[in-house]
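Peer 1: Quick one: dock chain against chain with the hints and give me the complex.
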Amino acid sequence: MGSSSSSRNKIPNAQELMHQTGFSSAHLLRLHDRFESLDRDNRGYLSPDDFEVLGGLAMNPIGGRIIEAFFSSGQDTVDFSSFVRILAHFRPTDRNRNKEGTQQELPSSRTRKLKFAFQLYDLDRDGKISREELLQVLRAMLGLQVTEEQLQSIAERAIQEADLDKDDAISFDEFKKSLEKMDIDTKMSVSFLK
Amino acid sequence: MELFFNPFDNLVCILLGISFTVWFTLLLVFIIVPAIFGVSFGIRRLYMKTLLKVFEWATLRIERGAKEKNHLLYKPYSNAIIAKEPTSLEEEIKEIRRSGSNKDLDSATEFELSDIFYFARRGVESIMDDEVTKRFTAEELKSWNLLTRSNYNFHYISLRLTVLWGLGLLIRYGFLLPLRVTLAFTGVGLLVFLTSVVGLLPNGRMKNFLSEKVHLMCYRICVRALTAIITYHDSENKPKNGGICVANHTSPIDVIILASDGCYAMVGQIHGGLMGVIQRSMVKACPHIWFERSEVKDRHLVAKRLSDHVEDKSKLPILIFPEGTCINNTSVMMFKKGSFEIGATVYPVAIKYDPRFGDAFWNSSKFGMVNYLLRMMSSWAIVCSVWYLPPMSREEGEDAVQFANRVKAAIARQGGLVDLLCKPAAIGANGRSARSS
Chain G
1 MGSSSSSRNK IPNAQELMHQ TGFSSAHLLR LHDRFESLDR DNRGYLSPDD FEVLGGLAMN
61 PIGGRIIEAF FSSGQDTVDF SSFVRILAHF RPTDRNRNKE GTQQELPSSR TRKLKFAFQL
121 YDLDRDGKIS REELLQVLRA MLGLQVTEEQ LQSIAERAIQ EADLDKDDAI SFDEFKKSLE
181 KMDIDTKMSV SFLK
Chain L
1 MELFFNPFDN LVCILLGISF TVWFTLLLVF IIVPAIFGVS FGIRRLYMKT LLKVFEWATL
61 RIERGAKEKN HLLYKPYSNA IIAKEPTSLE EEIKEIRRSG SNKDLDSATE FELSDIFYFA
121 RRGVESIMDD EVTKRFTAEE LKSWNLLTRS NYNFHYISLR LTVLWGLGLL IRYGFLLPLR
181 VTLAFTGVGL LVFLTSVVGL LPNGRMKNFL SEKVHLMCYR ICVRALTAII TYHDSENKPK
241 NGGICVANHT SPIDVIILAS DGCYAMVGQI HGGLMGVIQR SMVKACPHIW FERSEVKDRH
301 LVAKRLSDHV EDKSKLPILI FPEGTCINNT SVMMFKKGSF EIGATVYPVA IKYDPRFGDA
361 FWNSSKFGMV NYLLRMMSSW AIVCSVWYLP PMSREEGEDA VQFANRVKAA IARQGGLVDL
421 LCKPAAIGAN GRSARSS
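If you read the protein sequences in the order shown, they are chains G and L. 85 is the number that UniProt numbering gives to position 85 of the first sequence; each next residue is one higher, with no gaps. 437 is the number that UniProt numbering gives to position 437 of the second sequence; each next residue is one higher, with no gaps.
Rather than coming from a laboratory, the hints here were simulated on the basis of the structure. There may be inaccurate statements among the hints.
Unchecked claim - Listing some non-contacts, in silico: residues in chain L with all C-beta distances to chain G over 10 Å:
(1) L27
(2) F185
(3) Q279
Claimed, not checked - Distance ranges between label pairs, derived from CB positions:
(4) S25/G with G368/L: 41 to 47 Å
(5) N42/G with E398/L: 38 to 44 Å
(6) R40/G with R280/L: 38 to 44 Å
(7) R40/G with V163/L: 38 to 44 Å
(8) D94/G with K49/L: 55 to 61 Å
(9) L60/L with R40/G: 34 to 40 Å
(10) R293/L with R40/G: 27 to 33 Å
(11) G127/G with E292/L: 56 to 62 Å
(12) R305/L with N42/G: 54 to 60 Å
We put the beta carbon where it would ideally sit given N, CA and C, even for glycine.
Extracted from the complex, chain L is given alone in its bound form (with noise of 0.2 Å):
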């Protein structure tokens, strides 16, 4: 009996043996090596224009079998009242103001007892029917992708298109899973370790710079753990030391994207925990700064150390997501005004997300992280474009909200997103009476 099954065990073993010897190999000079050299090798564009051509496929079945079946496919999103003007109301204000400085006081008196009306209709339409209540859902998708957690309608449609489904499936969870947890595991174990080795090194050139290789290798290693494909544009703006990034909120993914095509000062509360090891061990090998959660309170403190970093050039330009809270990828709301009082030069950065492969959008009421990052390594790939805007300093007689919305405005426009403002910013006197704050 025993002979019997020993060299099958054996078999086995050796099996497995192989396959993870190759298994690793493979993940070594494909995806480690070249992320250390920040070299790729072209094969996460060749997944993703493959993908496309899939997802193609799927969604003219889909639609095929919709209309075969008369279902309503896409959800209506919600019923239009009222027919609105295509200008925003910011677009409006500016010509009016703009020709009211120009011309002489006689005309610019024409203004005013009829303006009211018109205000006032552009508010009341805003009541009736506006954008904000579709903020806070993903974005819903014209083609599948392949995920049913994108489309809500999802209906058997065929047999094939199931089978696609399930095979997908298969290869989600099965390969691209595991393979992106290990990458995961390694990145960040090695950020931890290497950046405690390099932590012990007296301060000087040689550790800035093997700091900087460090972080970016790290990062470049989560990076493929995602299967983030991204594009950057304009790197010629860059962030320099002794400057401030600013970049729209879209998920936690975010800092990672940053972070892998440059090195960054960050800024945050200490965590506890797994990310509280992190926080500590990367600040051993570069200054970033974290506060402590009762020290997040002290606006004056946290502004102060914020200019004394920004005013000592040799260190690295901080990176600062002024957005309360993860934003569905459409939008760009209030930044606060903290990160502008300071007066430091602003790099703004754009990031946006192409929503057909994997929704990044996280809705923390909803989903904690693990689940997050769970469903983010589940995805197809993640892709995104990164714009790098010229920088932005604040102009003579400008405030800091005044600022702050400038970059925003910048930011908006560029990345394709629907500029929101959810505060009464610096419009001055809404002549709101005593009884509100």
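So here's chain G without its partners, still in its complex pose (with noise of 0.2 Å):
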């Protein structure tokens, strides 16, 4: 575990990564001890298994998926950068920095959240949530407990009620739409500690 002498030098481009992403510097540092923790090897970066070993995530309905996030743009390995790029979308929406006019908008926007949240359920990229991903889901998340026809109803139900354009999928904005009224702050960020 980090001393915690350890300084901001230790992580490249700190100053660039608490702008783009809104973490504090401790909360950096953190992030950086556990980085390296996960890192079992010391290798700089983390792969695929890396994330497996984690019980919870193991455990989770689309652990799979999230992985999947770090790992989004087809490479085999996440550096410390894009881990906290994609951890920084579930940091709670800072609803005074857009006052202050900046430009860049943060990760933990309601719109990257939503975005997010989009493209767990997209697996293939293709801008559209399909029935199939969509029962795909339904199946990981509802598993055993419903029988697959009570699975495909509730995927038509929701596909009914989300699909506005009727080309029996879901884009991200009918998406962002069947959730406007959704307070996706509250469920969607973790709570950091101090």
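Peer 2: Written out as structure tokens, the structure is:
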């Protein structure tokens, strides 16, 4: 575990990362410690099996998809900056920052959170959640308690409710619209300790 | 000159002779005879109570001393990053699924689009902060048991404490260790010898009866060799013939602990050397299941032999530790599913060691077997509790992995151990792309 006197100099582009993600330097340091403890062989990057040993993730119905979110650009490894950028989606939405007129939109903004969630559904990254993709997620989450017919009807219903242009798939805008009343922030934010 | 030495020599010889005799008599009366009959004088429990009092005193002194000098006493385990929810993911999933099947289809639709947020968040939480990294180190103690190996922050606090520690060292290495080693040799030697003798008898009730007695006796001697103080709970659920006994695995001693209370058929690979000798003689007295190294790879062969054994109701219950490696006693890792495919009744057993007296955890990458045994024998005592859980069978529509997880959860709950799943079990499609296995 990193000693408390480790300086920010250990982290490359610390300032830039803080700016882009909104993490404080203390949080960034702790995440770096965490990154190092996950990186058991000290290679400076993580690969999928470093995530797979995490029990909480293995039990999670969408654990595999979350892992893939880290490796979405087709690479097999993720370095610290990318690691932090993905995790930044789960910071609580900073309402104040937008008022300062910052140009860059933080990953923790509402739209970015929704986009992240959308990509958890949209496996083939074609910009639409097809019926099959929806079914896959439902199967994973609702599991064995629900029969295949029930799953089909749940999926059918969901698509009918959200699909506005009737192309039998849910695009990102339709996704956003169907969740516009929902408080995404609480549901999709991790409470960081000060 | 010669005359001067002789009486002295004689005296020494006589003294040695007397002390050996006394030693062995005490050994026999207080340890071996009770082991044979399965009774106990209660000496070990008295010993345990005394030790506890001493430890309490030692801990108080350390804490007082640390406060005076403003030392940081307990190494902070990890810097917690996030505040996590108290309920485990498994409980929440069960909750969601339960309410999903009860409500009608209309309200069930409410689940999916927003649910993903919840699971995504929980997933990311476990990426940021979780229990796993703690799993493979020995549990850290809040009280000090006068063994420097379990307190990493031991500084010089006071003369009295150091003296006590030194005294403890002397007692442990000078008195307890030789005593235990003698006992261990006696136990193992008797086991090998007597089982070979029993093996000469023709098969029948007499043989089974004797073999049971012999096994129990020798294991009890070994238990005393480790000064293991074991409390058995719920003995009415003890495994019966034709069943499989499944337990969590913390150390190689687990076998001795379970086998001293009941007779089991062991399963394992044949080793060379002393272990091999023991294994070969044990199998003469009653049918254990030993595999050659080459056979272990063949899963079907293993499964066949196990099911053959289980079907024969006259044979003893099989003892299996489904976990692959030794786990630090706070978690119950993934159970390998092979043992659960056979379809016999499973009798789960939870073993929990009390870490206050000696850490039974074997970190096989750090210490070899002999080293480990020496550490065990030079600890104060090994205190553990064994719970016999009610038998479980595989239900309709449940596959081996789910059954295994159910058993594992029951064991973890009983022992107060943390249930960890470390491989994606039958949770269903994780939506992994073709790239992953």
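Peer 1: So does D94/G sit 55 to 61 Å from K49/L, Cβ to Cβ?
Peer 2: 58 Å, holds
Peer 1: Determine whether the Cβ-Cβ distance between L60/L and R40/G falls within the hinted range of 34 to 40 Å.
Peer 2: 39 Å, holds
Peer 1: At 10 Å, judged by beta carbons, does Q279/L keep clear of chain G as stated?
Peer 2: 34 Å, holds
Peer 1: Hey, is F185/L genuinely clear of chain G, shortest beta carbon separation above 10 Å?
Peer 2: Non-interface label on F185/L holds, nearest chain G Cβ at 41 Å vs cutoff 10 Å.
Peer 1: Starting from the hint 41 to 47 Å, judge whether the C-beta atoms of S25/G and G368/L obey it.
Peer 2: Distance hint for S25/G, G368/L holds at roughly 45 Å.
Peer 1: Could you say whether the range 56 to 62 Å given as a hint is met by the Cβ separation of G127/G and E292/L?
Peer 2: About 57 Å separates the Cβ atoms of G127/G and E292/L, which means 56 to 62 Å holds.
Peer 1: Using the Cβ atoms, figure out if R40/G sits within 38 to 44 Å of V163/L.
Peer 2: 42 Å, holds
Peer 1: Could you tell me whether the CB distance from R305/L to N42/G stays inside 54 to 60 Å?
Peer 2: Violated: the Cβ-Cβ distance is about 43 Å, outside 54 to 60 Å.
Peer 1: Evaluate the given range 38 to 44 Å for the C-beta pair formed by N42/G and E398/L.
Peer 2: Hint holds: Cβ distance 42 Å, inside 38 to 44 Å.
Peer 1: Would you check whether the claim that L27/L is not at the interface survives, using Cβ distances to chain G and the 10 Å cut-off?
Peer 2: Non-interface label stands for L27/L: nearest chain G Cβ at 47 Å, farther than 10 Å.
Peer 1: Do the Cβ positions of R40/G and R280/L conform to the proposed distance bound of 38 to 44 Å?
Peer 2: Cβ of R40/G to Cβ of R280/L: about 40 Å, so the range 38 to 44 Å holds.
Peer 1: Is it true that R293/L and R40/G lie within 27 to 33 Å of each other by Cβ?
Peer 2: Holds, at about 29 Å.
In the structure shown, a violation is registered for the earlier hint numbered 12 alone.
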